[in-house]
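If you want the building blocks of each chain, they are given just below.
Number of protein chains: 4
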Amino acid sequence: MIGYKFMGKAHSHAYRDVSFYFDPAVEPVLQVLCGRNEENVKEAAAKMGWKSYETDWRKLIEREDIDLIDVVTPNNSHAEIAIAAAEAGKHVFCEKPLAMTLEQSQRMQEAVEKNGVIHMINHNYRFVPAIQLAKKLIDSGRLGKIYHIRSTYLQDWIMDPQFPLVWRLSKEVCGSGSHGDLAAHSIDLARFLVGEFKEVNGILETFIKQRPIVEDSSGLSGKASSDQMGEVDVDDASVFMARFENGAIGTFEASRFAGGNRNGNRFEINGEKGSIRWDMENMNNLEIFFLDDEPGLQGFRTINCTEEIHPYAGAYWPAGHIIGYEHTFINLTLELLNGVDKGYSPSPNFIDGVRNQAVLAAVEKSSRSRQWVSISELLQNQKTTAL
Amino acid sequence: MIGYKFMGKAHSHAYRDVSFYFDPAVEPVLQVLCGRNEENVKEAAAKMGWKSYETDWRKLIEREDIDLIDVVTPNNSHAEIAIAAAEAGKHVFCEKPLAMTLEQSQRMQEAVEKNGVIHMINHNYRFVPAIQLAKKLIDSGRLGKIYHIRSTYLQDWIMDPQFPLVWRLSKEVCGSGSHGDLAAHSIDLARFLVGEFKEVNGILETFIKQRPIVEDSSGLSGKASSDQMGEVDVDDASVFMARFENGAIGTFEASRFAGGNRNGNRFEINGEKGSIRWDMENMNNLEIFFLDDEPGLQGFRTINCTEEIHPYAGAYWPAGHIIGYEHTFINLTLELLNGVDKGYSPSPNFIDGVRNQAVLAAVEKSSRSRQWVSISELLQNQKTTAL
Amino acid sequence: MIGYKFMGKAHSHAYRDVSFYFDPAVEPVLQVLCGRNEENVKEAAAKMGWKSYETDWRKLIEREDIDLIDVVTPNNSHAEIAIAAAEAGKHVFCEKPLAMTLEQSQRMQEAVEKNGVIHMINHNYRFVPAIQLAKKLIDSGRLGKIYHIRSTYLQDWIMDPQFPLVWRLSKEVCGSGSHGDLAAHSIDLARFLVGEFKEVNGILETFIKQRPIVEDSSGLSGKASSDQMGEVDVDDASVFMARFENGAIGTFEASRFAGGNRNGNRFEINGEKGSIRWDMENMNNLEIFFLDDEPGLQGFRTINCTEEIHPYAGAYWPAGHIIGYEHTFINLTLELLNGVDKGYSPSPNFIDGVRNQAVLAAVEKSSRSRQWVSISELLQNQKTTAL
Amino acid sequence: MIGYKFMGKAHSHAYRDVSFYFDPAVEPVLQVLCGRNEENVKEAAAKMGWKSYETDWRKLIEREDIDLIDVVTPNNSHAEIAIAAAEAGKHVFCEKPLAMTLEQSQRMQEAVEKNGVIHMINHNYRFVPAIQLAKKLIDSGRLGKIYHIRSTYLQDWIMDPQFPLVWRLSKEVCGSGSHGDLAAHSIDLARFLVGEFKEVNGILETFIKQRPIVEDSSGLSGKASSDQMGEVDVDDASVFMARFENGAIGTFEASRFAGGNRNGNRFEINGEKGSIRWDMENMNNLEIFFLDDEPGLQGFRTINCTEEIHPYAGAYWPAGHIIGYEHTFINLTLELLNGVDKGYSPSPNFIDGVRNQAVLAAVEKSSRSRQWVSISELLQNQKTTAL
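Residue numbers (this note's numbering), protein chains in the order written: chain A, 1 to 387; chain B, 1 to 387; chain C, 1 to 387; chain D, 1 to 387.
Rather than coming from a laboratory, the hints here were simulated on the basis of the structure.
Don't take each hint at face value.
The list treats identical chains as one, so a pair stands whether inside a single copy or across any two.
To be verified - Only pairs whose alpha carbons sit at most 27 Å apart, straight line, appear in this in silico BS3-like list of lysine-lysine:
#1 K342 <-> K136
#2 K365 <-> K198
#3 K47 <-> K365
#4 K135 <-> K42
#5 K5 <-> K171
#6 K209 <-> K198
#7 K114 <-> K171
#8 K171 <-> K145
#9 K136 <-> K198
#10 K136 <-> K42
#11 K5 <-> K114
These figures come from a predicted structure and were not determined experimentally.
Please model the entire structure based on the sequences and the hints provided.
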């Protein structure tokens with residue numbers, strides 16, 4: 001695994017825990033943790049249970065005792081590492097968003113496909129039991145034709161104008177701000193539950209345009225080290241409308257300026273026969289409304305998806321004993337390991353990553369051009385053939 | 001109508017509005033408002049649309065242009081007025097609790113029965129559409145045998161120790177504090193939905209035992225007029241356990257010391273086949289759980305009882321356009337007027353008032369004796385024959 | 001008053017009730033109700049307490065015993081009636097949306113201004129106590145600079161494809177569907193709380209394009225009278241993005257196809273220092289988050305705006321005894337009567353109506369042109385000078 | 001560790017995870033898992049990461065490579081094992097309730113105290129961050145004097161009359177039903193947050209008095225193996241009132257017959273200056289009301305206790321990324337290990353276990369005698385001197 005901060009911790013924990021709760025076809029071994037700063041990576045490896053560490057990811061890729069490379073570095077190194085890993089015949093699990101640009105992501109897809117390695121992208125929210133229940137309901141037609149999705153992913157951790165210019169606020173490192181960080185998740189859930197996007201039109205907005213510079217921008221909460229101000233070149237908020245291939249329409253909003261919303265990843269979907277609502281801060285629940293419930297007894301039901309009958313839930317605790325954020329990673333890891341064993345790339349994989357990147361790119365383009373942007377035309381223009 | 005404060009206002013409004021929304025069999029005419037202070041009652045009569053006023057309730061009862069006497073005075077005058085009214089052949093609508101003692105309430109019942117007048121008691125919460133839906137569900141067996149009721153009626157308006165000794169805190173005027181004011185409502189809803197009480201055991205507690213005296217204690221928010229402190233001789237909170245005739249068990253709690261609960265009249269009932277929850281601060285909703293809902297899709301449904309299909313709701317606004325507290329009085333008034341027309345005393349009537357008083361008295365007795373008190377024995381001891 | 005269906009009932013009730021709860025400077029007299037069908041209007045007048053009735057609105061306007069004309073007819077007659085009333089020197093209170101087109105609305109504004117009559121438009125949701133509290137908080141700077149508004153107005157009453165072609169689904173009568181009916185309210189609340197719109201970009205969508213024809217389309221729930229299908233020429237949903245003059249960005253969604261949402265008029269506003277959330281189905285509550293609350297004790301507070309301290313609330317019931325939909329009309333009527341007395345047109349008046357119409361028109365235009373539309377340019381093009 | 005079912009799994013996981021998230025002073029080693037059935041315990045040990053296994057707990061206690069014995073067996077073996085372990089000089093961590101009787105629990109306390117070993121009891125809910133915040137608020141006087149606690153612990157897993165006679169429904173194995181299983185948790189939280197119980201009065205009720213017998217009653221969901229019915233000799237529900245030493249009053253209700261409540265461990269506490277609410281199904285949130293908040297802006301705040309500032313929360317994920325049931329065990333294990341290192345028995349320990357057992361016993365006694373039972377008298381009668 002390359003990278004060991006927030007996501008590195010979440011992934012490491014999942015590798016450790018997956019066999020405790022499930023019986024994956026392949027047992028994960030935490031072989032090598034990789035990071036640039038030797039002191040830090042050594043300490044992190046010990047803490048999180050990795051057998052060894054490296055400071056150069058190229059060495060990691062050359063090692064023969066490694067089957068799977070897990071890329072949890074900042075966005076600007078995903079492509080280089082993932083492609084190198086694929087070419088070295090390693091399976092690749094990559095953080096989202098897949099890449100900095102649509103073109104980069106397409107090259108990544110080509111690399112994994114050409115080299116026949118297993119690939120997956122970390123859209124962990126798909127693996128919340130409530131989301132899996134939503135998927136099952138939609139796929140089995142219980143909501144009928146979908147009319148609407150309204151999706152928000154709201155946070156508030158950078159609202160203070162004195163919050164410094166950390167790496168997540170740098171276009172060079174991340175490509176975008178709330179857009180690639182938060183909207184990417186909403187787009188994935190929309191693709192998973194509603195279907196493919198047809199066209200989008202949006203706004204990327206930066207409310208605080210200058211922030212204090214920090215010497216070490218690698219953390220998420222560094223203190224400003226000087227009086228110098230730097231330009232914020234990524235978005236604080238991303239808002240867009242969408243039309244889907246199947247006729248549904250959607251609104252999407254990601255923001256880091258929505259006070260009181262610590263991790264407000266939420267959506268509502270309305271179909272011909274029913275509706276569902278979900279909120280990550282209450283992730284164990286799915287609210288469901290059926291239009292064909294008995295008249296006079298219709299209302300949103302709050303389903304606590306911790307019963308044995310619910311996806312993944314049986315492996316954990318009795319009904320009503322809730323699970324949390326980290327379990328999304330454990331569930332995803334189970335799928336990844338089963339894919340490695342059986343030789344297929346479970347969804348969401350790099351194909352999903354490219355599709356997601358296309359929507360992200362289309363919104364960015366629409367924000368500049370103030371025009372609707374067609375996803376398929378954008379993909380076409382990139383001369384991708386694989387899709 | 002005798003009395004014109006909080007409840008006088010609610011009743012007056014209901015008489016004015018009932019024919020706007022419904023078609024009662026009898027049209028109410030707001031003939032005379034009665035109160036002791038001429039200046040105040042005159043002003044109130046004008047404001048609330050009463051044709052005339054009186055300052056002596058005995059004169060009111062003698063008047064021939066009056067068919068129905070509405071008693072909204074403090075508790076210590078209910079019995080005298082209601083009995084006199086009944087003996088004068090007037091129909092009687094009385095505020096709750098019916099009386100100061102069980103014996104008083106039984107005399108009231110005798111008076112209305114002997115004189116053949118229509119009688120009703122103002123347990124208005126029965127007439128919330130959501131409560132009517134609850135009743136329908138339970139009566140039709142949708143919840144099965146009832147196991148539990150847990151009921152709370154929580155307020156916080158006298159928590160400040162400097163809040164003065166108003167009439168509602170005087171045993172001489174009210175008989176009790178939170179017990180007769182709040183628990184009486186919970187008892188009525190429990191009788192309506194679960195059934196008759198078998199035995200009870202409880203605590204009446206006074207947290208603040210002395211309060212500033214006010215000169216005019218007739219309002220609910222008078223300022224203290226002196227440094228003198230007076231004894232609080234009613235309960236601040238009433239807590240009791242109950243067994244019902246049908247085997248259900250219940251917990252009840254009424255308090256004026258539950259900060260943040262402005263009017264927290266709430267309950268949950270659990271039956272063999274389902275559960276319901278209700279909260280007056282969200283009175284339009286009923287939450288319902290069915291044990292026989294499809295496995296994996298079980299959860300409390302939030303029913304917004306504003307659809308035309310729900311009791312009383314069709315007379316008001318389209319679905320989702322909520323009604324409020326005052327509509328409980330309008331609905332009750334409709335039943336009262338229809339009862340007057342057809343010659344029967346709609347529930348809740350004085351029989352319900354007596355039953356309710358018996359439960360109140362039993363809890364008070366248990367609080368003193370620290371023993372369980374049987375409701376039927378208590379009624380027996382009062383040598384009532386009518387029940 | 002001209003018109004006597006859903007809105008006619010709400011207005012009539014408010015005229016009857018306003019003096020019961022408040023002391024308006026002018027006492028309203030329910031003089032004449034006007035409608036085309038004599039039998040129906042006669043019955044409605046009797047039911048709702050109007051002294052007389054007319055079947056021709058022109059006669060109403062000529063009557064000297066009338067000071068104020070209340071226009072609650074379908075949208076396509078607002079302009080003609082309101083202008084005639086103004087020219088006859090009558091004050092005018094008009095249902096929303098003000099008109100069928102921006103140009104019409106501007107002529108209405110000219111008429112009331114030229115004739116010096118009082119004018120007001122029925123955006124009743126401004127008069128919910130929780131909304132007034134929101135306004136107070138924003139105006140006093142408690143939320144700081146506003147960044148976001150996300151607003152939805154969701155209903156579900158026409159989701160059944162067999163629901164017939166009633167007048168609300170006819171462009172000729174209404175001008176638009178969910179857009180003018182629901183989004184107009186959201187636009188008004190956004191203007192009231194956030195400020196003026198700068199530019200918009202949106203989608204108007206019709207999901208069910210053909211519906212059964214009814215003989216009498218004047219109701220909202222008519223049964224189909226034949227096998228014939230007719231074209232639905234208004235929108236089922238209206239979705240748009242907005243930029244405000246003060247830099248805030250917004251998303252808006254109105255739909256009649258959001259199952260389980262009976263009257264889901266909701267919004268969240270995020271500012272520099274705090275956030276608020278409101279939901280009409282829980283209209284007594286305002287949720288408020290302050291970024292400067294003590295760290296570790298920050299969270300959305302649920303304020304039940306029924307305390308005496310809250311706007312309008314003191315006139316009704318004690319804290320926690322909720323009010324409902326109809327009280328928005330009573331509060332608005334108080335302002336209208338006070339305006340008539342003092343000689344000014346309270347907000348929202350026809351100026352607000354025109355501004356609102358401009359946003360509605362801009363969204364419609366953007367939906368056709370697939371471009372952003374500037375509100376000020378649109379108003380400019382209409383050569384309006386009054387604004 | 002002795003025992004490997006539900007609780008064995010939760011404890012094992014905590015030992016594995018505690019060093020990943022925290023830096024305990026002592027590193028736990030999962031040395032030996034013990035169970036009666038060799039095949040099963042061998043498999044469980046492998047699955048959960050234990051180095052070896054035993055089938056006789058006496059052998060475990062003799063082993064020198066063991067420092068801490070974790071007792072997660074059914075209640076009827078706690079005392080024997082814990083006392084033997086203490087006498088062998090092992091630290092003891094025991095599941096709740098501590099014992100079958102008050103006398104047994106007192107002997108356990110004597111044993112650990114006499115042998116100077118560290119002891120702790122598994123009331124894991126104390127270690128929810130929201131509960132720790134509640135404790136901090138109360139201890140610092142933010143709620144003032146406490147008036148009320150109302151506490152419920154509601155489940156519904158045995159409502160089906162065909163649900164068989166598993167071990168949790170056997171008095172011989174468990175001592176009681178919902179009472180020792182669920183009410184014990186509520187009692188612990190009340191002692192932690194409100195203070196010591198003074199006297200109690202309650203009901204233990206069994207709704208379904210006969211159930212199908214199963215051959216293997218060791219699981220929680222066994223199928224009935226025959227047509228034979230057996231007597232249920234434990235309670236289905238436990239309801240009681242309480243007075244606390246500090247003057248607070250409380251209501252408690254534990255039930256396995258509250259449909260729709262999967263794991264409804266909830267309470268509200270009202271104090272002189274504020275109130276708090278908590279619900280295990282939403283365990284990351286604490287609702288707080290302050291009476292001294294600015295008038296007009298008072299309301300329950302929903303605090304999501306996932307911010308770094310909250311107890312234990314900093315070790316996990318960023319704000320808004322919730323944790324779940326299993327984290328209560330991880331947090332508790334951290335305290336246990338630190339206690340072992342520093343040589344003290346962290347709360348809740350066997351002293352708390354005895355106190356808890358006394359309240360349980362007092363309620364049972366009151367249920368039989370239909371009288372209030374004093375806790376201190378009960379403890380006195382047991383001639384315990386250590387307390």
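A quick look at each hint next to the structure:
1. K342 <-> K136: within (23 Å within a copy, 51 Å between copies)
2. K365 <-> K198: For K365 and K198, both the intra-copy (14 Å) and inter-copy (21 Å) Cα distances are at most 27 Å.
3. K47 <-> K365: neither (43 Å within a copy, 51 Å between copies)
4. K135 <-> K42: So K135 and K42 fail the 27 Å test inside a copy (41 Å) and across (38 Å) alike.
5. K5 <-> K171: within (19 Å within a copy, 50 Å between copies)
6. K209 <-> K198: Answer is between; shortest inter-copy Cα gap is 21 Å, intra-copy 32 Å.
7. K114 <-> K171: neither (30 Å within a copy, 56 Å between copies)
8. K171 <-> K145: between (39 Å within a copy, 26 Å between copies)
9. K136 <-> K198: For K136 and K198, the Cα distance is within 27 Å only inside one copy (23 Å; across copies 42 Å).
10. K136 <-> K42: neither (43 Å within a copy, 37 Å between copies)
11. K5 <-> K114: neither (31 Å within a copy, 47 Å between copies)
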